[in-house]
Amino acid sequence: MLITPNQLGSFPLIGEAIKPTYVAFMAALTACSHAGLVDEAWKYYNSMTKKYRIALGIEHYAAVADLLGRAGRLDKAYRFISSMHIEPTGSVWSTLLAACGVHKNVELAEKVAEKIFVVDPENSGSYVLLSNIYSAAKK
Numbered sequence: 001m002l003i004t005p006n007q008l009g010s011f012p013l014i015g016e017a018i019k020p021t022y023v024a025f026m027a028a029l030t031a032c033s034h035a036g037l038v039d040e041a042w043k044y045y046n047s048m049t050k051k052y053r054i055a056l057g058i059e060h061y062a063a064v065a066d067l068l069g070r071a072g073r074l075d076k077a078y079r080f081i082s083s084m085h086i087e088p089t090g091s092v093w094s095t096l097l098a099a100c101g102v103h104k105n106v107e108l109a110e111k112v113a114e115k116i117f118v119v120d121p122e123n124s125g126s127y128v129l130l131s132n133i134y135s136a137a138k139k
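Just so we're aligned: 7 in the UniProt record's numbering is position 7 of the sequence shown, and the numbers increase by one with no gaps anywhere.
Treat the hints with care, as some may be off.
[To be verified] Computed cross-link-like contacts, PhoX-like style, restricted to lysine-lysine with a CA-CA straight-line distance of at most 20 Å:
| id | residue 1 | residue 2 |
| --- | --- | --- |
| 1 | Lys104 | Lys115 |
| 2 | Lys51 | Lys76 |
| 3 | Lys138 | Lys111 |
| 4 | Lys139 | Lys104 |
| 5 | Lys43 | Lys76 |
| 6 | Lys111 | Lys76 |
Quick caveat, the hints were computed from the structure, so don't treat them as lab data.
In this text the structure is predicted, and so the values were computed from the model without any measurement.
Make a model of the complete structure from these sequences and hints.
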């Protein structure tokens with residue numbers, strides 16, 4: 001059964017219908033990201049630590065970075081990743097790099113790529129992605 005974004009936004013995912021766990025929050029954040037439910041995702045993100053006292057993992061941070069990137073909130077995503085309480089991985093930064101490509105933000109893509117090249121210099125995919133961003137921008 002498919003759930004539409006409207007149904008997802010009103011469905012009590014965590015705390016009522018589903019036990020609040022690390023994995024349940026990961027699923028909720030990912031679902032919100034793919035459905036474009038930014039405000040709903042922030043509610044889950046904030047309640048995870050404040051209400052349910054569940055520690056954030058790299059996967060949760062990556063899901064929020066993906067959410068913001070998909071929504072076109074690239075600067076907010078950059079600030080979010082930069083202020084994470086754990087060291088951002090290359091894959092978290094790569095999420096934002098991909099969003100920079102989708103939204104054609106070459107300037108931010110360069111800043112993000114610099115971060116990736118420091119934390120994950122062997123990741124050839126990031127070099128290819130940045131090259132594709134340049135190509136699309138005719139640089």
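Consistency of the hints with the structure:
| no. | hint | in the structure |
| --- | --- | --- |
| 1 | Lys104 - Lys115 | holds, 18 Å |
| 2 | Lys51 - Lys76 | violated, 24 Å |
| 3 | Lys138 - Lys111 | holds, 18 Å |
| 4 | Lys139 - Lys104 | holds, 12 Å |
| 5 | Lys43 - Lys76 | holds, 16 Å |
| 6 | Lys111 - Lys76 | holds, 14 Å |
In terms of the numbered hints stated before, the structure departs from hint 2 and from no other.
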